[in-house]
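J.: Listed below, chain by chain, are the residues.
There are 4 protein chains.
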Amino acid sequence: MEHEDRVKSIDFSSLRVSDIIDGMHKNAFNARRLAEAAKIFHKMVRNDYFIFLTLSGAMIPAGMRGIVAEMMRRGYISCLVTTGANIVHEIVEALGIGHIIGRENVDDIKLAEDNINRIYDVFVAQNAFEEVENFLAPIISSLEGDYSTPEFLREVGKKIDDRNSFLRIAWEKDIPIFCPTLHDSIAGLHLSIYRKKGFHIDFMRDINQMLDLCFQKIPLGVVIVGGGVPKNFTLQAMLLAEGFDSAIQITTDSPQWGGLSGATLSEAKSWCKLKSEAEEVTVYCDATLALPFIYAYLVEKSQ
Amino acid sequence: MEHEDRVKSIDFSSLRVSDIIDGMHKNAFNARRLAEAAKIFHKMVRNDYFIFLTLSGAMIPAGMRGIVAEMMRRGYISCLVTTGANIVHEIVEALGIGHIIGRENVDDIKLAEDNINRIYDVFVAQNAFEEVENFLAPIISSLEGDYSTPEFLREVGKKIDDRNSFLRIAWEKDIPIFCPTLHDSIAGLHLSIYRKKGFHIDFMRDINQMLDLCFQKIPLGVVIVGGGVPKNFTLQAMLLAEGFDSAIQITTDSPQWGGLSGATLSEAKSWCKLKSEAEEVTVYCDATLALPFIYAYLVEKSQ
Amino acid sequence: MEHEDRVKSIDFSSLRVSDIIDGMHKNAFNARRLAEAAKIFHKMVRNDYFIFLTLSGAMIPAGMRGIVAEMMRRGYISCLVTTGANIVHEIVEALGIGHIIGRENVDDIKLAEDNINRIYDVFVAQNAFEEVENFLAPIISSLEGDYSTPEFLREVGKKIDDRNSFLRIAWEKDIPIFCPTLHDSIAGLHLSIYRKKGFHIDFMRDINQMLDLCFQKIPLGVVIVGGGVPKNFTLQAMLLAEGFDSAIQITTDSPQWGGLSGATLSEAKSWCKLKSEAEEVTVYCDATLALPFIYAYLVEKSQ
Amino acid sequence: MEHEDRVKSIDFSSLRVSDIIDGMHKNAFNARRLAEAAKIFHKMVRNDYFIFLTLSGAMIPAGMRGIVAEMMRRGYISCLVTTGANIVHEIVEALGIGHIIGRENVDDIKLAEDNINRIYDVFVAQNAFEEVENFLAPIISSLEGDYSTPEFLREVGKKIDDRNSFLRIAWEKDIPIFCPTLHDSIAGLHLSIYRKKGFHIDFMRDINQMLDLCFQKIPLGVVIVGGGVPKNFTLQAMLLAEGFDSAIQITTDSPQWGGLSGATLSEAKSWCKLKSEAEEVTVYCDATLALPFIYAYLVEKSQ
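Residue numbers (our numbering), protein chains in the order written: chain A, 10 to 312; chain B, 10 to 312; chain C, 10 to 312; chain D, 10 to 312.
Hint data in this document are derived by calculation from the structure and do not stem from the laboratory.
Because the structure is a prediction, the values reported are computed rather than measured.
Accuracy of the hints is not assured; some may be wrong.
[As the list claims (entries may be wrong)] A few chain C residues facing chain D, derived, Cβ under 8 angstroms:
1. A67
2. A71
3. G75
4. I110
5. R112
6. N126
7. H192
8. N241
[Claimed, not checked] Pair by pair, the computed Cβ-Cβ distance ranges are:
9. K119(B) / D123(D): 17 to 27 angstroms
10. F224(B) / E140(C): 50 to 60 angstroms
11. E309(D) / G207(A): 55 to 65 angstroms
12. S150(C) / Q135(D): 38 to 48 angstroms
13. E286(C) / D57(D): 16 to 26 angstroms
14. S23(C) / G105(B): 17 to 27 angstroms
15. E164(C) / E153(D): 41 to 51 angstroms
[Claimed, not checked] Calculated from the model, a selection of chain D residues having no Cβ within reach of chain B, i.e. all distances over 10 angstroms:
16. F59
17. G105
18. N124
19. E140
20. P147
21. I202
22. K206
23. R214
24. I227
25. E251
26. S263
27. Q265
28. G267
29. Q312
Here a beta-carbon is modelled for each residue, glycine too, at the ideal position from N, C-alpha and C.
Please construct the entire structure, taking both the sequences and the accompanying hints into account.
T.: What follows is the structure, given as structure tokens:
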């Protein structure tokens, strides 16, 4: 056995995040997985991959919007695929309403009486959604024809004042945001109410635009946070294209339940959604923990 | 302490599934949860609730289609909300192609070379999807105008010969099948390729039709298998209506990750998606285990 | 593809537990795992294996004692390895005090004030442990010399009146009960208080007695419920012997955390704790759900 | 709503670990839990609590030994309670044999043939345990009388040359190491083989020595990594004492399975194992990820 093949404790003589994470390569379990994920992501960034971020779970209510925004600004991601809920909660933040630090052991019926909605340990006032409605209604009712979700979200982004909103930054920097479950959200309810005849959110158009991105003749990487439709929608486009060159995944799900959110990236290779030689790793961890440290790693490595 | 409040071992003098499950009321942890779920579901059936089944995860490749079909036949469910993947795999079954019993410890790159796709421990031949394409293409290209997914899937169901297909049974019995992520599947790719100009899958129409069902003045119940968009899409309609009267949930996810799939049904009460007095319980279990036993319970109790 | 290799829905024309479980062989995920586990366990029983049951987690407070007792009576298990907590809670049951059906969303500080202890959704009155103390103290203080835990628990079992207690049944039927964490329980506190000088629980003697069982020249099987010390203590004896011939495991833990409780039985083969050709399967499921159905399967198959 | 009650994105203008973690207080889910855990642990250190670290799971093979050693050196922990396996693997490291960086997708039967044992993605050569045997045998056979595990491990620690071994550091600094499952390990096998008549590892003596520590009239804190016997053994001592003043827990287990490893610290309050007013938090995370960042936090805050 060579010494470099050995498990080694992290050397904490430097306390930099990137040094700690690099030290985790010689640890095991999910520490080693985190180190590999950070390294693969950094390689994508350094080598100018076109990088898709798929974002599921209540990441915006949980405070991850700053990271998404900064990753757009710094060029760490080239395209975002997320859920309707994350779009709605981003608007809640962008309008200055925000989310309340709550707790999970609470009387939900009392909360309901107080017009407070709960997302695990985050609260959001019910009237937040009225303000979202007031903001979205005129945008929706002004549109005609067929829109893909990236096209629609561009219309939304350019109406947002908040410079920290990733919807606005995406519009400024021409970064497409796909939301294949836009209708599966409060924004979907608003769309169903305020749209004029002749205005369609056309999700098949999303497919075509996603395919265009997947057919680009440049290295393509994907950063998967939390599974769900954003993961599947992004990977399935590769059934018609040549597969991702590189992929990382952060999930709290497990393979043995058989669902897609916990499926290994190796399984994705059997579908040719990843190239057979693609580097890939899954970190089994709450993304609210893994993502900030990976982000700090990328920033330090880019300095 | 009254004796009826005590934990008691199951009395196995009867080995009937329903007696075993009823015995679990006096156990703890997820045994007790299963007993409560079976009881609540049975109450919904006995009292003629309008019952939504939301079905996520690769339940059809895993062999659960017979249960879905029989629950429709027996009137245990009134409406199905499921994923694009489950629709596609139902068609794979209905066309007689089927899924192969595989295993999870396998060389995925070798599988890819052999044109075999893997879903944990199930294999599916890649050409299965060509047959799905051959089946769906003429249906898709024959349609014009706006269709909700229940309307589109009715067109599909009536073209299916297999009498065990829940798509066909739903058509026969006029049971709506919602598929808010139809585009997030191979069927979505086919839709984007074969649709004629002027044909839209209009998911906002799904919202309106779901709202109509949620506004019915009869008791409404929901059986949630596996979270995801089917869960959220069904529950969110209640933001505009009065909340479900009764709900059960089978999931392998956990509350502490903060996502919707693992969220408690109590949390749903803070959103008024369930009525405050609604009976509800979550069973933390792989649905391939819990669902067959709950189904057998319902059949025995209905005899 | 042969038809017998295909995923098939369960045929519910028979609702017998054993027929349902046999039908799960053609399903996937943990349904298939349950079917394999039941089949392997039944094979052990039918072929007169010497079968170790390792039992961790709060299985006795959860109502599983009847199954353990009956498995001893029916000869489904030859040896039990369990935790100190399960022994203490068995005595609580055997003394007629019992456990209370509680719930998990509760004010724990209020419970403490009411002298109620909580085990997830089970309550136990604090004075239960005083009665355990009154029962154990004279036994402990009457003993001299070195005792292995099976030897000590035989002394306990013969003092128990309750004919449904597995401690008593084990004594009657000469089934060894190992408790390598006896000191890690309230009984351990009692032992430290009431033992006379010269009385030792000698856990190294447990090792020797476990080794004797593992050196028997008959087929050896192991049924692992819930990991922990009972799992490891039983498997580690095989480092000196030739490995188990057959093994099943029911756990809610997952492999990717790296710990023993979630470790695959394949991993155990790298340690030669299982023979290389041993049949083995892990069911990822709460044992309060899986165990009763497996037990019913064995009973039906033995009729 | 006050602004300080709002969810806020982390301010990455400082990339220091402690600033990132402090920023997580305004996030949600396990990020917020990590921030609370780090803060509570730091408070224990700053206020000179007597701090127990309970350490379960294969933490030493996974590379966490450096952190344990340094926490002893820096006075962050006052007492260690761990498993037999972690003691054995610490000796493997201290003897310079070490663990090999492996992987989890591998042919375990082939590994067995090559005399390689697997711990998820870590390998250890089988002859490592022969060297442990050669090291331990003379120590064991030289001892007479009754030893608690802290007393026995002091004998081991003083024979270790490696200055980075926490067994040696504990001996140097007079930090007790409890190992209530010492017999549940390869060291247990060695003890059963090499001990002379009249030498006992007396675990009831461990109980008494643990009680002495729990009766100290100073603030008492506990840092729980991974549940298992170390968690229970440490908490149960408080059934006779007054409860911990402060507690944090890092676990990958979940409450809904009903077992102790996933039990909330609130549940522990119903048993009075924690004082009713004790600050406590559970971080649901692989400890190989959470522990290094918490350690770095403590070091930065102590500078």
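J.: Each of the hints needs a verdict: does it hold here or not?
T.: Verification of the supplied hints:
Annotation: interface hint on A67(C) holds; nearest CB of chain D at approximately 6 angstroms, less than 8 angstroms. Proximity of A71(C) to chain D holds as hinted, the smallest CB-CB distance being about 6 angstroms (cut-off 8 angstroms). With its C-beta approaching chain D no nearer than about 17 angstroms, G75(C) sits outside the 8 angstroms limit, and its interface hint is violated. For I110(C), the interface hint is violated, the least distance from its beta-carbon to any beta-carbon of chain D being 13 angstroms, above 8 angstroms.
For the restraint placing R112(C) at the interface with chain D, the shortest Cβ-Cβ distance is roughly 12 angstroms, beyond the 8 angstroms limit, so the hint is violated. Because the closest C-beta pair between N126(C) and chain D is about 5 angstroms apart, less than 8 angstroms, the hint holds. Interface hint at H192(C): satisfied, since its Cβ lies 4 angstroms from the closest Cβ of chain D, which is below the 8 angstroms cut-off. The beta carbon of N241(C) comes within 6 angstroms of a beta carbon in chain D, closer than 8 angstroms, and the hint placing it at the interface holds.
The hinted window of 17 to 27 angstroms between K119(B) and D123(D) holds, with their beta carbons roughly 23 angstroms apart. For the pair F224(B) and E140(C), the beta carbons lie near 57 angstroms from each other, so the given range of 50 to 60 angstroms is met. With their beta carbons about 59 angstroms apart, E309(D) and G207(A) fall inside the hinted range of 55 to 65 angstroms. The hinted window of 38 to 48 angstroms between S150(C) and Q135(D) holds, with their beta carbons roughly 45 angstroms apart.
At about 57 angstroms, the beta-carbon gap between E286(C) and D57(D) misses the expected band of 16 to 26 angstroms. Between S23(C) and G105(B), the C-beta spacing of about 25 angstroms keeps the proposed range 17 to 27 angstroms intact. At about 28 angstroms, the beta-carbon gap between E164(C) and E153(D) misses the expected band of 41 to 51 angstroms. Remark: the non-interface label on F59(D) is consistent with the geometry, its nearest Cβ contact in chain B lying 29 angstroms away (cut-off 10 angstroms).
No Cβ of chain B comes within 10 angstroms of the Cβ of G105(D); the nearest lies about 34 angstroms off, and the non-interface call holds. Look at N124(D): its CB is around 22 angstroms from the nearest CB on chain B, clear of 10 angstroms, so calling it non-interface holds up. With a cut of 10 angstroms on Cβ distances, E140(D) stays outside the contact zone with chain B, its closest approach being about 32 angstroms. For P147(D), the condition that its CB be more than 10 angstroms from all CB atoms of chain B holds, with the nearest at approximately 43 angstroms.
With a least beta-carbon separation of about 36 angstroms from chain B, I202(D) lies farther than 10 angstroms from that chain, consistent with its non-interface assignment. Every CB of chain B is more than 10 angstroms from the CB of K206(D) (nearest about 44 angstroms), matching its label as outside the interface. Chain B leaves R214(D) outside its interface by the beta-carbon criterion, the shortest separation being 35 angstroms against a cut-off of 10 angstroms. For I227(D), the shortest C-beta to C-beta distance to chain B comes to about 32 angstroms, beyond the 10 angstroms cut-off, and the non-interface label holds.
Listed as a non-interface residue, E251(D) keeps its Cβ farther than 10 angstroms from every Cβ of chain B; the least gap is roughly 28 angstroms. For S263(D), the requirement that its beta carbon stay farther than 10 angstroms from each beta carbon of chain B is not met, with the minimum near 5 angstroms. With 10 angstroms as the threshold on Cβ separation, the claim that Q265(D) sits away from chain B is violated: the shortest Cβ distance comes to roughly 5 angstroms. G267(D), annotated as away from the interface, has a beta carbon of chain B within 10 angstroms; the closest lies near 4 angstroms.
No Cβ of chain B comes within 10 angstroms of the Cβ of Q312(D); the nearest lies about 32 angstroms off, and the non-interface call holds.
The structure does not agree with the numbered hints 3, 4, 5, 13, 15, 26, 27, 28 stated previously, though it agrees with the rest.
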